[in-house]
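S.K.: One-letter residues, chain by chain:
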Amino acid sequence: MPEIARPGFREFLPSANQALADLEAATGKPVMVVEAPELNVLATIRKAGPEDASHLLRVQGSRDRQADYLIVYECRMALRDGPDPRVVLKDKRDRRERVISACEKLPRQMTLAEARNLGSFLYDGLLLQLRSIGPGLVVDRWIREHCPDLKEPQAQVIESQITSNVGALQPSTRANFPAEIYEASIAMNAAYAVFGGDLLGKPYLAVPYLSVGHGPLARRLIASALGDPDRAGTGEGEATGAPTDRTIIDSWAQELGVSGWYEWSERIA
Amino acid sequence: MSDPQPIRFSVPEAEFDLAMLPEAARERGSQAFREAVTTYYKDAYREAGGRVDVSFADGAIEVNWEPQSGQVPASATITAHLEAGRYDEAIPLLRTRLQLEPDHVESLYNLGMVCSDRMELKEARELLGRAVELDPSHVNAQVALGIAALRDRDTAAARAPLEKAVVLEPRNPFARRTLGQLLLMEDETAAALPHLRAAAEVAADDPINLFTYAQALLASDGDSHVAEADALFKHALRLAPVGELAERIKNQQRKLADRVMRVNAQGMPRMDAVEYLISALQAYRELAPEGQKQLLAEVVALSQRGLAINDPSQKHTLSHYRDGSTVSALEAACVYYAGVKLLLPGQDPGLDLGREYALAQGMLGEKS
Chain A
1 MPEIARPGFR EFLPSANQAL ADLEAATGKP VMVVEAPELN VLATIRKAGP
51 EDASHLLRVQ GSRDRQADYL IVYECRMALR DGPDPRVVLK DKRDRRERVI
101 SACEKLPRQM TLAEARNLGS FLYDGLLLQL RSIGPGLVVD RWIREHCPDL
151 KEPQAQVIES QITSNVGALQ PSTRANFPAE IYEASIAMNA AYAVFGGDLL
201 GKPYLAVPYL SVGHGPLARR LIASALGDPD RAGTGEGEAT GAPTDRTIID
251 SWAQELGVSG WYEWSERIA
Chain B
270 MSDPQPIRFS VPEAEFDLAM LPEAARERGS QAFREAVTTY YKDAYREAGG
320 RVDVSFADGA IEVNWEPQSG QVPASATITA HLEAGRYDEA IPLLRTRLQL
370 EPDHVESLYN LGMVCSDRME LKEARELLGR AVELDPSHVN AQVALGIAAL
420 RDRDTAAARA PLEKAVVLEP RNPFARRTLG QLLLMEDETA AALPHLRAAA
470 EVAADDPINL FTYAQALLAS DGDSHVAEAD ALFKHALRLA PVGELAERIK
520 NQQRKLADRV MRVNAQGMPR MDAVEYLISA LQAYRELAPE GQKQLLAEVV
570 ALSQRGLAIN DPSQKHTLSH YRDGSTVSAL EAACVYYAGV KLLLPGQDPG
620 LDLGREYALA QGMLGEKS
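Here the protein sequences line up with chains A and B, keeping their order. Using the numbering used here, read the first sequence as starting at 1 and increasing by one per residue. Using the numbering used here, read the second sequence as starting at 270 and increasing by one per residue.
The set of hints was computed from the structure by calculation and includes no laboratory data. All C-beta atoms in this analysis are idealised placements derived from N, C-alpha and C, irrespective of residue type, glycine included. Where hints are given, some of them may not hold.
What the hints assert, rightly or not - Cβ-Cβ distance ranges computed for the label pairs, FRET-style:
#: 1; chain 1: B; residue 1: Thr348; chain 2: A; residue 2: Pro148; range: 30 to 36 angstroms
#: 2; chain 1: B; residue 1: Gly623; chain 2: A; residue 2: Arg174; range: 55 to 61 angstroms
#: 3; chain 1: A; residue 1: Arg98; chain 2: B; residue 2: Val374; range: 53 to 59 angstroms
#: 4; chain 1: A; residue 1: Gln254; chain 2: B; residue 2: Gly328; range: 28 to 34 angstroms
#: 5; chain 1: B; residue 1: Ala566; chain 2: A; residue 2: Arg98; range: 40 to 46 angstroms
#: 6; chain 1: A; residue 1: Arg174; chain 2: B; residue 2: Pro371; range: 32 to 38 angstroms
#: 7; chain 1: A; residue 1: Asp124; chain 2: B; residue 2: Leu611; range: 45 to 51 angstroms
#: 8; chain 1: B; residue 1: Ala288; chain 2: A; residue 2: Leu128; range: 28 to 34 angstroms
#: 9; chain 1: A; residue 1: Thr111; chain 2: B; residue 2: Ser588; range: 36 to 42 angstroms
#: 10; chain 1: A; residue 1: Glu263; chain 2: B; residue 2: Gly328; range: 38 to 44 angstroms
#: 11; chain 1: B; residue 1: Arg297; chain 2: A; residue 2: Asn40; range: 33 to 39 angstroms
#: 12; chain 1: B; residue 1: Asp386; chain 2: A; residue 2: Ser160; range: 23 to 29 angstroms
All chains should be modelled from the sequences, with the hints used to inform the complete structure.
M.R.: Structure (structure tokens):
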């Protein structure tokens, strides 16, 4: 059975328990779930390596049902790798430096150290978006289809993410970030908004992006992520020929003009 | 189905996708363009219901979709934003509501408060003025109008609404305190005291009330109210041990102690302080720069907790002073004073030992 690290963690919904059990069964290792309010993302999973006793799933908050959705989301993301350690994106020093250099040329007043910090932050953020959003669409669609008990929390999380992301569209943001990073990031947010709007039956969620012409690229990104809609997101990606994470991410990078900004590694995430 | 969340965003006019508009409306910035853009967004959200507001400013298009089935933004939503300090989100909703209901007193009051907090005082006074005109019994609006006028340095205009608020609700601590502050500013200390005392009694756990009342006591007839003011400062400091108010309280405590010391010395320099300052100056001279800094840091930390320099029974241990010494509070204050003068020239030590310090320097053969 999954190990619950935090005493007093409330009982999970059936879908969350099932996802934890599925990951344990697929990998032979339990999942430790911990509440981590310090996270700057909603949830993360560190898949166990050969010397680790368990997978570590950290959730920002555990008080409401959104945590159940996040547990399932992270477990399904981990399951997409199969039994092996997760493939990860490795950064490339020259690309990181390129972003830093672009930050140094921005009109805003920054010291070199601040520009360096901002550049690194933006570069890492872009890789994180690239790693998670495309494959995440597949997982979200799977959850929608297979987890009726998560319908409400999933909708809340997706809608909340989309509505907070639109802040990046404001005119001052563009001027304050390197163009390559800004365009790629906004395009991924647009894909997420279009996908989320369709998934939840709320197409208006994508209006901010559609109004400034991001619709066609968003649709191409979604199509390259979802591939064959009947098989994607089952956790059997490679066996059934549905796009793997690597395929999705590489195709997104190409569409976004950031191919060559990273390398693949088989190390543990 | 989860409740729809409001969507607010801003995009550059220059980036709006012209393909979404009729050909005749594709000249950016034109009236036709703006009307077509507005229509586009209203159509886009039509199926979702609710209300869409589109505005244009500084080359940007601002869109605010409020997913209420009714015609006005929900009060609960506005209140939640205000309580969380999310003014940027509350303001457009308040404005929308006032467009629909220009005489909605609570929205006038809330928007007026927000404007006042943001020092947009002209608009704040207009909004709050309308609120009290519509509902003269709205005590909080009367107080807020008085505060906005005070912030605008218009004490004459502040007085009437504050006096009305006190009449309407004599036990309202905000009304009492603000009127008391106004009277203090006008040098009407005797008139201010009853209001400030009432505020301190009604809201005895509010450190601002206690602090203000203590200051007024000292301003009225300081020497006969020293003990009461000192007790109020101490109580206020217990309630607000850190932050800007705490620093102001500590500063007043130092000044009060200094005042008592002067009274006790009958206006003459205190020779015990002179001796302590001589000793302190010598101790600093004997220390290497790093040691000097450590001593000053130690005594600054001590002084921040408050030094009862008029109470000889209070002792403190200074580990960096003369290889570790136990000293009286006045001696510690002298070590602090000398340290600030030597290492932080130009800074105000917050304690007037100037005459004693000059004497100590003279006795050591130093130039002041």
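S.K.: Going through the numbered hints above, which ones does this structure break? Give me the numbers in ascending order.
M.R.: none
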